[in-house]
Amino acid sequence: MACQAENNIPINEESAFRENRAIEWIRIERYWTDSEDFAESSPQYLPMTCQHCGNAPCEPVCPVYATYHTPDGLNAQIYNRCIGTRYCGNNCPWNVRYFNYHDPKFEDTFTNHLNPDVTVRSRGIMEKCSMCVQRIRRGVREARYDGRELQDGDIMPACAQTCPTNAIIFGDLNNPDSQVSQMVASDRNYELFGELGTAPGLTYLAKVDVDAEEHSEEEEHAAVPQSPVIWMTVNG
Amino acid sequence: MAEHAHAGHVAPEITARQTIEDATRRVVSTGAKFATLDIALGVLGAIGLIALVLNLIIEGTGNREAWGYTAIVAGYLMSSVLSAPILAVLLRLTRSDWRRPLSRIAEIQAAAGIVVYILYLPLFFAIPEAEGRFTVWVEWPWGAPGFFSAVVLGLLVFGGYALLYISAIPDFAIVRDRSHDNLPRFERYSRLARGWYGNLRQWSVHRAGLGVLGGAYLILYIWTVSLFFWDFGLSLVPSWRSSVFPGFAAMSSLQTGLALIIVTMYALQRWGGLQDYLTWDYFWSISKLLLTTSLLWFYLWFSEFMIYWYGRKPDEINVLELVMFDVYGLPMLLTFLLNFALPLFILMWNRVRKTIGGPTLVACLVLVGTFIDRLRIFGAAWGVENPFAHEMEADNIPDFLVPSVLDILIVIGSLAAAAFCVRMALRIVPLPSIWEVSGGIGLRVRRQYLNHPVTVIAKPE
Amino acid sequence: MQERVIMSDQEINNELLRSVFEHPLRFWVGAGVLGIFAAMWLISLSWLIYWGVGVTGLNRPVYWGFLITNFVFWVGISHAGTMISSILRLTQAEWRRPVVRAAEVMTVFSLGTAALFPLIHTGRPWRAVYWVFPYDFMRDVFPNVRSPLIWDPSAIFTYLTGSALFVYTALIPDLAVIRDRSTGLRRTIYGALALGWTGNTRQWKLQGIAGVLISALILPVFVSVHSIVSWDFAVSIVPIWHATVFAPYFVVGAVHSGVSAVLTLMAGMRWFFKWEKFIRPEHFDAVGRLLIVIATVWLYFFFLDFVFAIAAEETRELAVMERRVFEWPYWFLLVEIIILGYLIPVGMWLKRSVRRNIKLMFWSSLLVNVAMWSERYWLIVPGIERKYELKFSWSFYNPQLVELGLVVGSFGIVVFLLLMFSKLFPPIVLWEEKEGQRFAANVKIGQAVVPAIVKEE
Amino acid sequence: MADRAVIGVFEDVDDAASATQSMLDNGISGEDFDILSSSPFPHGSFGEAERHHNLYVFPLIGAACGFITGVLITAGTQISWPLVTGGKPILSIPPMLVIMYEGTMLGAIIFTVLGVLFESRIPSAGPRVYDPRVTAGYIGVIVSGAEEMVRRAAQIMTDSGAEDVKFDEEGKTINLLEDPEDQ
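Protein chains in written order, with the working numbering: chain A, 254 to 489; chain B, 25 to 485; chain C, 696 to 1152; chain D, 784 to 966.
Take these hints with a grain of salt, some might be off.
Stated by the list, open to error - Calculated pairs, EDC-like style, for lysine to aspartate or glutamate (alpha carbon to alpha carbon, straight line, at most 16 angstroms): (1) Lys337(B) with Glu444(A); (2) Lys1054(C) with Glu971(C); (3) Lys337(B) with Glu1009(C); (4) Lys1086(C) with Glu282(A); (5) Lys358(A) with Glu277(A); (6) Lys1118(C) with Glu710(C); (7) Lys378(B) with Asp305(B); (8) Lys337(B) with Glu277(A); (9) Lys900(C) with Glu833(D); (10) Lys972(C) with Glu706(C).
No wet-lab data here; the hints were simulated from the structure.
Take these sequences, add in the hints, and give me the full structure.
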């Protein structure tokens, strides 16, 4: 919801979900543990958003440079250039690129609530999580204005801001003192589909076993990822 | 490239009688001329065999690295001597007129098939089982991979001999009929000719038999090469899952077979007294095929390279490092030059294709290049420490496979033995194929058309 | 086997120019029926452009469906023409003569039709100008040459230009024939197109060399085009698509479907224009024999692709494979591909009497193309329906009516264009036929008279 | 020197061949006459001289131009617009190869066709003499040169059974676009 509001994502109607065309820059994938009895099986949640790969498979296949790698390490989508070949969507292992099959529809008053920092995407182009690039830019600008280094908390994407359990953490990987750098250094850190060599900018922390010291009410092992983190370089 | 219209085809007029004379003379005169060469080849071949046995005793079959070079030379011979008969088969299928003096040269190479099989035997024991690694056999219960390869390879070698023999039966009869002055020879060739006297029925059976056998050989060959290169090469390298690879192996084998034929043609027309039969226009025709296969070589190689380069999965990059860039980078470069770049730039000129020397030079390059390529493929495969690994890890890339003394002896000995087999076959089998060459004479007629002489070629269905 | 009818040049002109100078009722009926199909295509196209890609059955992650399948299919069909005419010209196969032009023209039209599909399939076709030539150099808006989707237009553009020039070069002498046999405006137009051809020695000599030279040049292009189309899929990291065999596999599949289409076209022309004297059973026989080889090579690559996908035993590939082999409709397609694409036609073609039976050849070659269309679909779509093991976004694909209309309509368009071509230009090369008459000879061996040809040098 | 030209139209190929043969015997060289036909004949059928051509140069030039264009487009756009995509190098050579290859082939084919047209000397305004029966299977024998020789050749052609022998009009070419019946 925060993401939808921040990034002017049109409201997905029921038909969109039925047709598998819903646009959700961040989605929570649910997987169920194998169990005969439904009552005993429990859901496991995998927050899924654009991984901002270092070697993104979606980028080189675009014929018009509509998606490319920013010096910050973001995987940027340039809506003006996109012509909608949808090859990038095919080549994304995480299926986190969304295509606008129809023009966006907002209820009457919603149009007054759109975020002025973000364009509304028209029919026929791809879109995806931008890591709230408008917030990143603002944060960098303000830090530079204040003449200080960026620190944790200066920039906060909408999803991280609203997550009540702080399961999503955003920060600068180049700064060894940042929270993300320390978390990435942990043993629990892993990349989803790391063997593809796409060097995702988003990594997950494996959930810790119940039997281990961490007290957690959820059961079973398995890799329930916790915190996507982003690394970024700040220029100047 | 198109050819210049040139003033007619000036093949020397060969009569049927002359063909018979020429071909029988070689068989009849015992060929003391090259006795030294034959002996040398035989000795070298024997040394190779001894080295093979020694290797078996010293290293056993457990140490895979010790058998790398045996695999290399086995793969090489398979790509050269066993693929040469394909040309005869193909040209017969397409009813090409210019096959006639060449088909026997192509078929006779299969005489060396036995060498391939001998080399294969230790490999059969040295190859790790299929279970637990990536192979064509997926989860076949038993026998894979060695057993099936053994069977198809055996069939192939046998098929090569059968093809040679059946195509030569009418010629054996010709030699038989001209050996009444020499009883042992008469008896030997009587046995070989199997009561052939060339009535219509025999000819039609012969024709059908050659057709079926040829087709079977062609299919079997493609299948065997795919299987051998897969099981003994590709699948030993973890992560090397290039599905075009068997096709590449088959194509590069065809290229090598053609090159071998061209080199043999050159030797025969230079020292073997066939200069009237193997004129430049045969080199011209076959060099077009050589050029085509060289282009296809590059094409199939590039389709593999492109996918791996673009896909950029780490394990695929590691495979590329191993077989194309880092460890076997130099062999790859040499192969690229010898099997593709140089043939292309030499043979693209029609003027070069129309000579005898040009195609021969390229053929020699290709023969060398393919050996280096086999070194690359099998060297990389047999140097891998753990073929059961799921993925090629960066710290597990094997080193270049350095040959031991025995390895070198095996390689040299096998090549010599193969040459020796072909030399021996040359003493028995008439060359060129008398029935094909003389059969073609009537079908090629020179006629006057208006003011201009033309060649008319009859195409019996 | 002496099926050739000896005809004078004048008779050949009269017979073969019938399609240009006469308008029988069947022409109007044919044009009308095909026109309906073409109109259907246009309506579907307008519908798609107006409402956007949303009217198709595509979703996430199935971003490519019928239209891309159809693109691959038509590019495949376009491979036959040049393959037939180039290879046969280079190998001097005598039976090429009645086939070449029709095949080349089919190349041009099917390639043009194919090229439309990726364009109309984009989200914003009106902006596709960035993508294909001419690039916007003035504003430094360049395409990304690293993308296979840029290689595609470059390859197709090369191939289309090459084939069109190829057709035109060989058409010049025939245009001169029409010029000399017509009056008024038509004469002026054909005269301008014929570029003042008189048929002197020099022109004929160059015409001959041009045929061989352009053949040799266009063959490598032909191989590259479908390879590049296959790389649209193979360079991605979608599990089943990422296979090195795709390039030769697609090319051979293209040749398989294309040469079959040529067979269909030959039978159609023979029936429609009553050219029994020119398109003879021996030609069907020869194409049939060629197709047996091509089909077998195709099966070999099919096998390689299939086996490597399961041999790797990767869960990802197996997941797709499971869908392709066991789930409806893909298991049905798989069976259909093997049976209709190989077993039935090749089984039939093995028999000489079938190869010389034109009706059977017509239907069997149609079967091949039904199978090859499904093969492309079978290759392309399941891979993205089951992409990677995150099952949450696995999806399915239900093609919609618009897509069906575009696919079916595209067949109408290509045949309609072919018919229009035959109205304007002779679809069989007049001078090649005449030359063939001249090069035919007989050689007497004993009692038998064997047909022979003069060796072209 | 006033060049003249004459065309003899033969229905029978053998007549045409014997006409050219006797022209050769009478001192008219193969350079002086040309044959018009509706389909190619094996070279030298009429004893005509071989026409030299430079066609093979054209595809080479075309290939070179195409190759250079390919290099410029690929390398140029990548360097002048250095966007990183997928971690690939800015100058990615394998993709460049593809486009360079297509460019090379395109150049070669276009130049070959241009070369064929140029070497065939078409488009041309039209020949000095022409007869539409040529495309209907007749053989046209054109002799051009000094008036005396042309007249001698015309005589030979008439003797050898030419259906029709026509002289050109002085200094005029035939416009193949115009309908002969209108004139």
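Hint check:
{"no.": "1", "hint": "Lys337(B) with Glu444(A)", "result": "holds (14 angstroms)"}
{"no.": "2", "hint": "Lys1054(C) with Glu971(C)", "result": "holds (13 angstroms)"}
{"no.": "3", "hint": "Lys337(B) with Glu1009(C)", "result": "holds (14 angstroms)"}
{"no.": "4", "hint": "Lys1086(C) with Glu282(A)", "result": "holds (9 angstroms)"}
{"no.": "5", "hint": "Lys358(A) with Glu277(A)", "result": "holds (15 angstroms)"}
{"no.": "6", "hint": "Lys1118(C) with Glu710(C)", "result": "holds (14 angstroms)"}
{"no.": "7", "hint": "Lys378(B) with Asp305(B)", "result": "holds (7 angstroms)"}
{"no.": "8", "hint": "Lys337(B) with Glu277(A)", "result": "violated (28 angstroms)"}
{"no.": "9", "hint": "Lys900(C) with Glu833(D)", "result": "holds (10 angstroms)"}
{"no.": "10", "hint": "Lys972(C) with Glu706(C)", "result": "holds (11 angstroms)"}
In this structure, only the earlier hint numbered 8 is contradicted, and the remaining ones agree with it.
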